Amino acid sequence: MEKFNTIQSSAVPLPIENMDTDQIIPARFLKATTREGFGDHLFRDWRYKADGSPNQDFILNNSVYKGEILVAGKNFGCGSSREHAVWAIYDYGFKVVISSFFADIFKSNALNNGLLPLVVSDDFLHLIFTEIEKDAATKILVDLKQQTVEIAHQQTVFEIDSYKKMCLLNGYDDIDYLLTLKDKIEQFEKEQVLF
Amino acid sequence: MKTLFDKIWDTHIVSKLESGSDVLYIDRHFIHEVTSPQAFAGLRQRGLPIFRKEKIIATADHNVPTLNQHLPISEKLSRHQVDTLIENCKLNDIELYGLGHPYQGIVHVIGPELGITRPGMTIVCGDSHTSTHGAFGCVAFGIGTSQIEQVMATQCLILNKPKTMRINIEGILQKDISAKDIILFIASTLTTSGGTGYFIEYAGSTVRALSMEARMTICNMSIEMGARGGIIAPDETTFKYIKGKPFAPKGAMYEQALDYWKTLYSEKDASFDKEYHFNAADIEPMLTYGTNPGMGIKISQTIPHVQEVNNPLELEKSLAYMGLKSGIPLVGLPINYVFIGSCTNSRIEDLRIVAEYVKDKQKAPNVQAMIVPGSKQVERQAKAEGLDKILEAAGFELREPGCSACLGMNEDKIPPGEYCLSTSNRNYEGRQGPGARTILGSPLTAAASAIAGKIVDIRTINS
Ligand code: SF4
Chain A
186 MEKFNTIQSS
196 AVPLPIENMD
206 TDQIIPARFL
216 KATTREGFGD
226 HLFRDWRYKA
236 DGSPNQDFIL
246 NNSVYKGEIL
256 VAGKNFGCGS
266 SREHAVWAIY
276 DYGFKVVISS
286 FFADIFKSNA
296 LNNGLLPLVV
306 SDDFLHLIFT
316 EIEKDAATKI
326 LVDLKQQTVE
336 IAHQQTVFEI
346 DSYKKMCLLN
356 GYDDIDYLLT
366 LKDKIEQFEK
376 EQVLF
Chain B
16 MKTLFDKIWD
26 THIVSKLESG
36 SDVLYIDRHF
46 IHEVTSPQAF
56 AGLRQRGLPI
66 FRKEKIIATA
76 DHNVPTLNQH
86 LPISEKLSRH
96 QVDTLIENCK
106 LNDIELYGLG
116 HPYQGIVHVI
126 GPELGITRPG
136 MTIVCGDSHT
146 STHGAFGCVA
156 FGIGTSQIEQ
166 VMATQCLILN
176 KPKTMRINIE
186 GILQKDISAK
196 DIILFIASTL
206 TTSGGTGYFI
216 EYAGSTVRAL
226 SMEARMTICN
236 MSIEMGARGG
246 IIAPDETTFK
256 YIKGKPFAPK
266 GAMYEQALDY
276 WKTLYSEKDA
286 SFDKEYHFNA
296 ADIEPMLTYG
306 TNPGMGIKIS
316 QTIPHVQEVN
326 NPLELEKSLA
336 YMGLKSGIPL
346 VGLPINYVFI
356 GSCTNSRIED
366 LRIVAEYVKD
376 KQKAPNVQAM
386 IVPGSKQVER
396 QAKAEGLDKI
406 LEAAGFELRE
416 PGCSACLGMN
426 EDKIPPGEYC
436 LSTSNRNYEG
446 RQGPGARTIL
456 GSPLTAAASA
466 IAGKIVDIRT
476 INS
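One line per chain: the protein sequences are A and B, in this order. Residue numbering for the first sequence follows my numbering, starting at 186 and increasing by one per position. Residue numbering for the second sequence follows my numbering, starting at 16 and increasing by one per position.
Just so you know, the hints here were simulated from the structure itself, not pulled from any lab data. Hints may contain errors.
With the C-beta cut set under 8 angstroms, the calculated list includes, among others, these residues of chain A facing chain B [said to hold, decoys possible]:
(1) D205
(2) Q208
(3) A212
(4) L215
(5) T218
(6) T219
(7) G264
(8) E268
(9) Y277
(10) S293
(11) N294
(12) Y357
(13) I360
Computed from a predicted model, the values in this text were never measured in an experiment. We put the CB at the ideal spot given by N, CA and C, even for glycine.
Isolated chain A, as found in the complex (with noise of 0.2 angstroms):
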């Protein structure tokens, strides 16, 4: 995985709320077997017509908006557990989605790829929508040290499990913390009664 530390950048909104994961990445391109190439698929159903031509209402297709940030509506990441959802996102380019409420599975698949799932209040996210609805290359600076984000000289705290933040600041995943753990792991097995 890698590091994350700090990012400045400009931001695609996307004020959407319950986006599910099925939007993020339609199950006909699940067929893969590796993690490369999910980018290419991204909001599949909404960024091209029928016909395959982009379709030039969605916002991935305005050249206007751009970054490694995207803006997203409330309980961003519902249904599915596809972690395609993140590869596909992060392949994309983004390494930072702002919303105010994530799905569970979602916000745990995205720390598990060095995608910040970053969780503000609404009323942030609002000033953040339309921050950029009044200029599109406003930037947007995310500090995972500090635990903050700022926008137009306006900054707020946001929380993340401690555990998560030092993997993520060091590019660490779960499994190298789990095989340490592993004689914890046989003592569990031996004295556990399973029916």
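Given the coordinates of chain A, work out where chain B with the ligand should sit on it, guided by the hints.
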């Protein structure tokens, strides 16, 4: 005082992190062809072996055809994915119930029917509907591919303990109302994010009276409210269901297991972070009108107006996609597709309900009615009971087991713009194929609507 969920979770903690997270031991790990290949590849890259291969059970379900399963899969990418699973299982000596195996089927159907899913266990699978297994009084939840790799490498996961919610349903259901109506009703109240961060225990006299298969239907859709999982305390119904299943404990072992399983319930004064109460008598046949499973109405109701919902934009967008309008009922809407299947409603009881209703009737000529058993065992049972003959005589197509049209991944898809009354669990845009319009309902509503060629209220027909 502990909840049922706490009891199981706490006995599986291997270690605690300073951050407050738990290292949780996983007893059973189900895998399928879609979310596992990258995990196997990840392990190979790290040079790690599978830590406990005997705790993994594999099947092929999402990406398989439901016709002519004895022939090679014609679509190249699908075939490659299924072959990759076969190869990975062979290399790692993992039990695989793949195509052609008498135990093959949808992962959440086969675990319970084989007696692999049992009370008190922790169970994971790279699939959000792993919540289904919670009907047996175990802690079961869906995980991502990175976590599949973690479980393969160490049989553990690092997790924050979810909050607990209890949903109580009391009273007797009206005639012809099923578990599917109950859970669609609850989802319409809680919305698609109402359960996020929680593990839900379903309790109350209505739940106690349900069969195991009906309980699975309820737990299955916990995830549709955002919950990590659903759980129901095991009781005589559970114990009787498990007894004699191929992998269930036998003889003295079964008796010992029973003693333990009987300790698995929420203590009288256990406290939950959130609690809801529902009355069974309030529940009607339910249908969804929108593009998430929380957008449901009673069949006697009309589609809400923007003023009546929390998220008017979402409503407008969904209705545009669905080609529906506020203020109209769903009853009477012509439908050309009916799909009866998926890990929500593809078990033998579902097939029996459908067969009983369609016996000596004919599906409407405009309707294509697909009925897909959840597993080879269900398929064999249906044939043994002669249900196949009844269904085929009514013009229903009884297919071979798999996820089928539940997700637009395999060959079974609903064409763009068409309505499909589906017994599956998700009605997201494009879920059943690009542009497909899904209306979720119970097997009985689906069967009756297939006969009528339009959506019907079973109560007005049967009264
Ligand atoms: S039947 Fe549908 S919901 Fe169930 S596991 Fe298969 S794809 Fe997922």
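- Does the CB of T219/A sit less than 8 angstroms away from some CB of chain B? 7 angstroms, holds
- Query: At a threshold of 8 angstroms, is the proposed contact between Y357/A and chain B supported by beta-carbon distances?
  - Reply: 11 angstroms, violated
- Item | Status of the hint placing A212/A at chain B (closest C-beta pair under 8 angstroms) | Since the shortest Cβ distance to chain B is 4 angstroms, the answer is holds.
- Message: Given a cut of 8 angstroms on the nearest C-beta pair, is the interface hint for S293/A held or broken against chain B?
- Response: 6 angstroms, holds
- Item | G264/A as chain B interface residue, shortest Cβ-Cβ below 8 angstroms | Given a least distance of 6 angstroms, the restraint on G264/A holds.
- Item | Y277/A as an interface hint toward chain B, with CB separation required under 8 angstroms | 18 angstroms, violated
- Supplied contact hint for N294/A, tested at 8 angstroms Cβ to chain B: 4 angstroms, holds
- Message: Hint Q208/A vs chain B: min CB-CB distance below 8 angstroms?
- Response: Where the cut-off is 8 angstroms and the nearest Cβ of chain B is about 6 angstroms from Q208/A, the hint holds.
- Item | Status of the hint placing D205/A at chain B (closest C-beta pair under 8 angstroms) | Because about 5 angstroms separates D205/A from the closest Cβ in chain B, which is inside the 8 angstroms limit, the hint holds.
- Message: Please check whether L215/A passes as an interface residue: C-beta within 8 angstroms of a C-beta belonging to chain B.
- Response: 5 angstroms, holds
- Status of the E268/A interface restraint (C-beta, 8 angstroms, chain B): 4 angstroms, holds
- Minimum Cβ distance from T218/A to chain B below 8 angstroms? Given a least distance of 4 angstroms, the restraint on T218/A holds.
Comparing the model with each earlier hint shows violations of hints 9 and 12; every other hint is respected.
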